[in-house]
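Asks: The primary structure of each chain is shown beneath.
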Amino acid sequence: MVSQIGLFALVLALITALSQAVLPLWGSYKNNNTLMLTARPLANLQALFLTLSFVMLVVAFIQDDFSLKYVAYNSNTTLPLMYKISAVWAAHEGSLLLWVLLLSWWGFLIAVFSKSIPDEMVAKILAVMGLVGVGFLSFVLFTSNPFEVLNNIPAEGRDLNPLLQDIGLILHPPLLYMGYVGFSVSFAFAIAAMLSGQLDASWARWSRPWTTIAWAFLTIGIALGSWWAYYELGWGGWWFWDPVENASFMPWLSGTALIHSFAVVEKRGAFKAWTVLLAIITFSLCLMGTFLVRSGVLTSVHAFAADPGRGVFILIFLTAVIGSSLLLYSYRANQIKAISSFKLISRDNFLLVNNILLMVLMASILLGTLYPLMIDAMGMGKLSVGAPYFNAIFVPLSLPLAALIGIGVFIRWRDDSLKRIFFEVKYYLLISIILGVVWSLIYPQWYLVASIALSIAIWIFLTSISRLFNKKRLANNSRAKYGVTLAHIGVAVFIVGATLTSLYSVEKDVHLKVGESYQMAGFDFKFVKMDRKAERNYLSNEGEIEVYKNKKLYKTLYPQKRSYQNQQMPMTEAGIDAGFFADIFVAMGEDLKDGSWTIRLQYKPFVRWLWLGGLLMTFGGILAAADKRFFKFAKMAKIKLDEGADK
Amino acid sequence: MKKLIPFVLFMILMLLLYIGLSLDPKEVPSPFINKPAPEFATYDLYKNDIKISKQKMLGQVWLLNVFASWCYSCRAEHQVITEFTKNHQTVVIGLNYKDATEDAKEWLKQYGNPYDFVAVDKDGDIGIEYGVYGVPETFIIDKKGIVRHKNIGPVNRDSLQQTIIPLVKKLEAE
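Chains as they are written, first to last, in our numbering: chain A, 1234 to 1880; chain B, 125 to 298.
Rather than coming from a laboratory, the hints here were simulated on the basis of the structure. All figures in this text were calculated on a predicted structure; none of them were measured in a lab. Incorrect hints may appear among the rest.
[To be verified] If you only want the chain A side, here are some residues facing chain B, beta carbon under 10 Å, derived: (1) I1514; (2) M1521; (3) L1551; (4) I1555; (5) L1559; (6) L1560; (7) D1609.
[Stated by the list, open to error] Computed Cβ-Cβ distance ranges for the label pairs, DEER-style: (8) B:N172 to A:D1824: 19 to 27 Å; (9) B:K233 to A:M1611: 45 to 53 Å; (10) A:T1789 to B:L147: 47 to 55 Å; (11) A:L1600 to B:D282: 30 to 38 Å; (12) B:A200 to A:V1382: 15 to 23 Å; (13) A:E1779 to B:A165: 39 to 47 Å; (14) B:E163 to A:D1824: 24 to 32 Å; (15) A:M1611 to B:Y167: 43 to 51 Å; (16) B:L147 to A:S1829: 42 to 50 Å; (17) A:K1348 to B:A200: 52 to 60 Å; (18) A:K1746 to B:D247: 16 to 24 Å; (19) A:V1288 to B:L128: 44 to 52 Å.
[Said to hold, decoys possible] Below, in silico cross-link-like pairs of lysine-lysine (DSS-like), each with a Cα-Cα straight-line distance of 27 Å or less: (20) B:K274 to B:K246; (21) A:K1741 to A:K1785; (22) B:K159 to A:K1615; (23) A:K1615 to B:K274; (24) A:K1766 to B:K222; (25) A:K1826 to B:K222; (26) A:K1826 to B:K246; (27) B:K175 to A:K1826; (28) A:K1576 to B:K126; (29) A:K1746 to B:K222; (30) A:K1576 to B:K127; (31) A:K1500 to B:K127; (32) B:K171 to A:K1826; (33) B:K246 to A:K1766; (34) B:K246 to A:K1746; (35) A:K1348 to A:K1263.
Ideal Cβ positions, reconstructed from N, Cα and C, are used throughout, including at glycine.
Please work from the sequences and hints to get the whole structure.
Replies: Here is the structure:
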């Protein structure tokens, strides 16, 4: 019963999405107000149907309804309730349903919060969103139906992959998807603006807060994914340049470029064509990410069930949506005239450099990710592109980009002089370099890159903070300014974390018998004992490791090796002492059967700062999107509208 | 025209991804092809006193089929392997990879035992020697003990008819 309702709601959602794609657009073409006004109710209806469908799948999981293939393959009666719920998006079919659900929610939010935008524009925006929805809903219904029933109902489900039985699964995919899908909003705004030939400052002002929020979601989604990989995979790494990670990082880079170029469009009326292109590219990267993850064209640690048939579907959809958008762009972009001019030393130009660096970075990562595919396609053999390539391009491109932040916040629009900027920032520059070099000298081994990176981090921090004190009273600063400051400080914090963790982590694989100790990074690790524990759906070997600092007990860690009932692969659950300045990370390796175990010990300085940086960027983004001027603008438009009604 | 550049680049990218769909990134050519098969010596799952080793197999063409009771896709493959052993005299050794003895016996009881021998590889050491990174995998080894083919993933009827049987016939005639 539950599954029938779910499937039926899904079909209704497809019909609604189809109407949402066609009717308002037809209305705007025919200048028919009634048809245009169907956009909002249809968007609401689509969200309603999809929510219903999704809730039905959740209910099926909670009720252990193994008549559904998807439930039987990904759940189990012994699974704790919260994992039963999050198992809904643990595999292909359900995660796609989550994708379209979130897409419909974004549509709903636009329908609600678009009072300030002309109806014709809303009609076009929601029509584009509807079109994207049609693509994904047909994808779900025709290739990946989560409500598919089994003829022989199994008594027990196959269980959720133990790697996924974790808080990370509850948070990471929905937040990441909110970001991915959120960029469909910027895309829809851009297409709508191109269709009506109305690429102006007001378009930027409407689109900007949505884009920034999507970006904030993507940021926190990626940060959470990194944090999850760190503690769950048991390797202590935080970024692996895996194709699937790259697939989320590329739209992030392009989205970062987009939120910056929007500033130029809104404030200066320049970069309009470029910004539209960025909006299209960002969304196409989101779609391509979905393709890469779901089709299995690249090998990845995210070993999802790959299916080329599904790949073909996404590829056709991607080609149709993005191909036609780029054709529309090539037709429209020639008609866009820049109304402003700017000099070499100006904020306009610095943001252009920011955009170029970000896009070069993105393109290099795209090249590295697809290179194995290219070589294979040309029949030139098999190879893989690993971390050395990505690090080699990432560090030299991202550090100058970060360094520019410090000047970027000081430089004036249109025209400025280096002399004036230098006069303003010279003390910050000096202090940053001194502090950065001193900081890097504390460590046993000195690296030039540490001095540079730490100086840049301090430089960003000082210049960002100082901007807040420009006004006489702190309260005079807008939310946008606080948001920008917070996000940039997030970048600084991230740089500190990435630099120090990468350069100064200590790692050792040791063989220890119970009772033995090992000394590393100023700590004594004592292997006290092993315990066997039975939990609800797994057995675990739990080690007890006492960590001593200066002969005093500092912490006791309990790393586990788990074996789940329905899976063969043992799982490593690391024991982590999370600290603001360093993590101590202990993972059990192999039982050597002679009373000793291999144990991996790691000391990771400042590793938390990576995710703290991501968190600050996220909050910064949200704060900036909540700036009063976006609301003020909405209010003004409403007053205008009311006045019009009076006459 | 300049504005068409993004479109053209995008289309090239899509073409590349389309070609990519027909390729299998997991199919890494084995470095063992045309090299001597790694030496190993172990015992039979049912009879501990029967020793199985590469040396003993010299002089005949044989198949090494890596399987495990915990391996889901082995079940489908098992029917195909069973069919093959019914119709062909070629020796097939099952390499029981990282498995518990009782589980393996139970599994073979349930699905049938087509193997001439079941070589036990409890700790996966032999698997490592043979570069096994996914179960099932099947190796064809010739009379001189040289690996001539590696089938990654389950053997299906197509790969059996088109690749394995012709190759085995050819090698047996050599």
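Asks: If a hint holds in the structure, say so; if it doesn't, say that too.
Replies: Quick rundown of the hints versus the structure:
Here the hint on I1514 of chain A is kept, as its CB sits about 8 Å from the closest CB of chain B, short of 10 Å. Checking M1521 of chain A against chain B by beta carbon gives a least distance of about 8 Å; that is within 10 Å, so the hint holds. Satisfaction of the interface hint for L1551 of chain A is found here, the shortest Cβ-Cβ separation to chain B being roughly 7 Å, below the 10 Å cut-off. A hinted interface residue such as I1555 of chain A counts as satisfied when its beta carbon comes closer than 10 Å to some beta carbon of chain B; here the least separation is about 6 Å, so the hint holds.
A least Cβ separation of about 4 Å between L1559 of chain A and chain B falls short of the 10 Å threshold, and the interface hint therefore holds. Below 10 Å, beta-carbon pairs count as interface contacts, and L1560 of chain A has one with chain B at about 6 Å; its hint therefore holds. About 5 Å separates the beta-carbon of D1609 of chain A from the nearest beta-carbon of chain B, less than 10 Å, and the hint is met. One distance hint, 19 to 27 Å for the beta-carbon pair N172 of chain B and D1824 of chain A, holds here, with the actual separation near 24 Å.
Taken as a hint, the range 45 to 53 Å holds for the pair K233 of chain B and M1611 of chain A, whose Cβ atoms sit roughly 49 Å apart. At about 50 Å, the CB distance of T1789 of chain A to L147 of chain B agrees with the hint of 47 to 55 Å. A hinted range of 30 to 38 Å holds for the C-beta pair L1600 of chain A and D282 of chain B, which are about 35 Å apart. Evaluation of the 15 to 23 Å hint for A200 of chain B and V1382 of chain A yields a pass: the beta carbon distance comes to about 21 Å.
A beta carbon spacing of about 43 Å between E1779 of chain A and A165 of chain B agrees with the range 39 to 47 Å that was offered as a hint. Separation of E163 of chain B from D1824 of chain A is about 27 Å and conforms to the stated range, judged on CB atoms against 24 to 32 Å. A hinted range of 43 to 51 Å for the beta carbons of M1611 of chain A and Y167 of chain B is consistent with their spacing of about 47 Å. At about 44 Å, the CB distance of L147 of chain B to S1829 of chain A agrees with the hint of 42 to 50 Å.
Separation of K1348 of chain A from A200 of chain B is about 57 Å and conforms to the stated range, judged on CB atoms against 52 to 60 Å. For the pair K1746 of chain A and D247 of chain B, the supplied restraint of 16 to 24 Å holds, since their beta-carbon distance comes to about 20 Å. Distance hint check: the CB atoms of V1288 of chain A and L128 of chain B are about 45 Å apart, consistent with the given range 44 to 52 Å. Distance check on the hinted pair: K274 of chain B and K246 of chain B sit about 22 Å apart at the alpha-carbon level, within 27 Å; holds.
Taking the CA atoms of K1741 of chain A and K1785 of chain A, the gap is about 22 Å. The hint holds against a cut of 27 Å. Between K159 of chain B and K1615 of chain A, the direct Cα distance comes to roughly 19 Å. Compliance with the 27 Å bound is thereby established for this hinted pair. Distance restraint check for K1615 of chain A and K274 of chain B: the Cα-Cα separation of roughly 16 Å lies within the 27 Å cut-off, and the hinted pair is therefore satisfied. Our distance criterion of 27 Å between C-alpha atoms is met by K1766 of chain A and K222 of chain B, whose separation comes to about 23 Å.
Taken as a hint, the K1826 of chain A and K222 of chain B pair is honoured in the structure, with Cα atoms around 16 Å apart against an allowance of 27 Å. Between K1826 of chain A and K246 of chain B, the direct Cα distance comes to roughly 14 Å. Compliance with the 27 Å bound is thereby established for this hinted pair. A hinted pair counts as satisfied when its Cα atoms are at most 27 Å apart, and K175 of chain B with K1826 of chain A qualifies at roughly 24 Å. A threshold of 27 Å between alpha carbons decides the hint, and for K1576 of chain A with K126 of chain B the separation of about 24 Å falls inside it, so the pair holds.
About 25 Å separates the Cα atoms of K1746 of chain A and K222 of chain B, which keeps this hinted pair within 27 Å; it holds. A C-alpha spacing of about 24 Å is found between K1576 of chain A and K127 of chain B, which places the hinted pair at or below 27 Å, so the restraint holds. Between the alpha carbons of K1500 of chain A and K127 of chain B the distance comes to roughly 24 Å, so the proposed pair stays at or under 27 Å and holds. For the suggested pair K171 of chain B and K1826 of chain A, the alpha carbons sit about 25 Å apart, so the restraint of at most 27 Å is met.
Restraint check for K246 of chain B and K1766 of chain A: satisfied, since their Cα atoms lie roughly 24 Å apart, inside the 27 Å limit. Of the pairs offered as hints, the one joining K246 of chain B and K1746 of chain A holds, with about 24 Å between alpha carbons and a cut-off of 27 Å not exceeded. A distance of roughly 22 Å separates the Cα atoms of K1348 of chain A and K1263 of chain A; the hinted pair therefore holds under the 27 Å criterion.
Figure legend: structure checked against the earlier numbered hints; every hint is met.
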